[in-house]
Every structure is written in structure tokens, then in C-alpha cells.
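Enquirer: Sequence:
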Amino acid sequence: MKLLQTNIFQPLSVPKGQSLELIDIFDASWKKTIELQSHSSLTYLLVGSDADMDIHITSAWSYCSCKIFGLFVSDAKHPVAGSLKVSLNHSQTSADVELISFLREGAKVAIDGSIDIWNHLDQVHGRLLEQNIILGKHISLKTLPKLHVASHNVRASHGANIDTLDQQKLFYMMSRGLTQQQSQTLLVDWYIDYVLSHFTRISETEKKLVYKKLK
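So the sequence shown is numbered by this note's numbering: it starts at 1 and just counts up by one.
Honestly, I wouldn't trust all of these hints.
Claimed, not checked - Simulated DEER-style distance windows between Cβ atoms:
#, residue 1, residue 2, range
1, Thr33, Leu187, 27 to 37 Å
2, Lys208, Ser62, 36 to 46 Å
3, Gln180, Lys2, 30 to 40 Å
4, His39, Arg201, 12 to 22 Å
5, Ser197, Thr164, 21 to 31 Å
6, Gly17, Ser151, 21 to 31 Å
7, Ser197, Asp163, 19 to 29 Å
No wet-lab data here; the hints were simulated from the structure. C-beta: ideal position from N, C-alpha, C; glycine also.
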């Protein structure tokens with residue numbers, strides 16, 4: 001099952017035994033809840049600019065998993081803020097979260113990602129990574145990945161990166177005749193391609209919509 005939505009805020013439930021690929025494109029203040037039923041899986045992409053989000057994803061039963069990506073772009077006129085929280089309430093569940101922000105000139109980004117693992121659980125995996133790619137100056141950034149782990153037999157990790165684009169790769173492409181802007185665009189596109197490669201049912205038209213939002 002596949003869904004692509006723009007500014008749709010209604011609660012969503014992934015039915016028992018179903019697999020859902022979901023892409024949400026936002027440019028507004030929004031709140032959304034997603035619930036995973038037993039033996040279900042979710043591959044979820046949030047795409048946003050000039051957005052304020054509040055996303056809560058919960059495992060309603062055992063044997064469910066989610067892989068979540070965020071692609072955000074901000075400049076002086078388009079701030080990005082909000083929180084994404086994943087609650088793993090049952091054993092034999094997993095969450096893999098990767099949030100990538102592109103910070104252009106004057107960007108303002110404040111994103112809090114978190115994974116909560118309840119007590120008395122086992123065979124639970126939680127991973128959270130926030131990546132922030134600096135593309136301009138005068139940046140305001142708040143990145144705060146959080147893990148709340150109340151069980152012992154789990155695997156959990158979290159981290160945050162703040163970096164510029166690979167200077168060696170930029171130099172190489174520019175030495176082959178590309179401009180700095182063209183080289184930078186190709187490297188940014190690599191991140192987007194990496195995320196979209198996890199969506200097996202996405203069409204070329206849907207890919208173009210994602211790229212358009214991030215340009």
C-alpha cells in the first residue's frame with residue numbers, strides 16, 4: 001500500500017499485517033498521529049519547508065516496525081520547527097529514524113526527534129540520527145535527538161551531525177568543469193536519492209514532487 005499526501009493531518013492507522021509506504025509533504029503548521037498494528041510495517045518520509053510539525057508514531061502491538069525519514073530545507077524566509085516522537089510500547093518492535101535538514105542562508109531549524117522504549121520489553125531496536133547540512137551563513141540551529149529507554153534487553157542509539165558538504169567532492173566536480181552551485185546541487189541530490197531508494201513503490205512523478213519541494 002502506498003500514499004502520497006500534501007498537508008493531510010488526519011490520524012492514520014496501519015492495519016494488521018499490512019505494509020505502508022507513506023510520503024507526507026508539508027508547508028504549514030501540522031499535527032499527525034500514526035498507529036502501527038500487529039505485524040505491520042511503515043516506511044515514512046516527511047518533506048517540509050516553512051513548516052511546524054508535531055508527529056507521534058506508536059506501536060499498538062508487537063511485531064511491527066517503522067523506518068522514518070525527514071527531508072527539510074530552510075532559509076531566511078522558511079523556518080522549520082517541531083518534534084517527531086516514536087513510542088515503542090511492545091516487545092519485538094523497531095524504529096529507525098533519520099532526519100536530514102538542509103540549512104541555507106539565514107536558515108532557522110529547531111527539530112526534536114525522540115524514541116521512547118517502555119519498560120519490561122525485549123527484542124526492541126531504536127535508532128535515531130539527525131543530520132544537519134550547512135549550505136549558507138547566519139544559521140540558527142537546534143538539534144536535540146533523545147532516547148528514553150526503560151528496558152534492558154534492547155538495542156538503542158542516537159546521534160546528531162552538523163556538517164558542510166564534502167569539500168573534496170566539491171573540488172573534484174568543479175575541477176571537471178562544474179560550477180560551485182552545480183556541484184553543491186549534485187551532492188544535495190545524493191542525500192535525496194539515498195532516502196528515496198528506500199521506497200520501492202514510488203513513481204517518477206512522485207519523486208519530482210519531492211525534489212520540487214526541496215529546491
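Enquirer: Any hints from earlier that this structure breaks? Give me their numbers in increasing order, please.
Expert: No numbers; nothing is violated.
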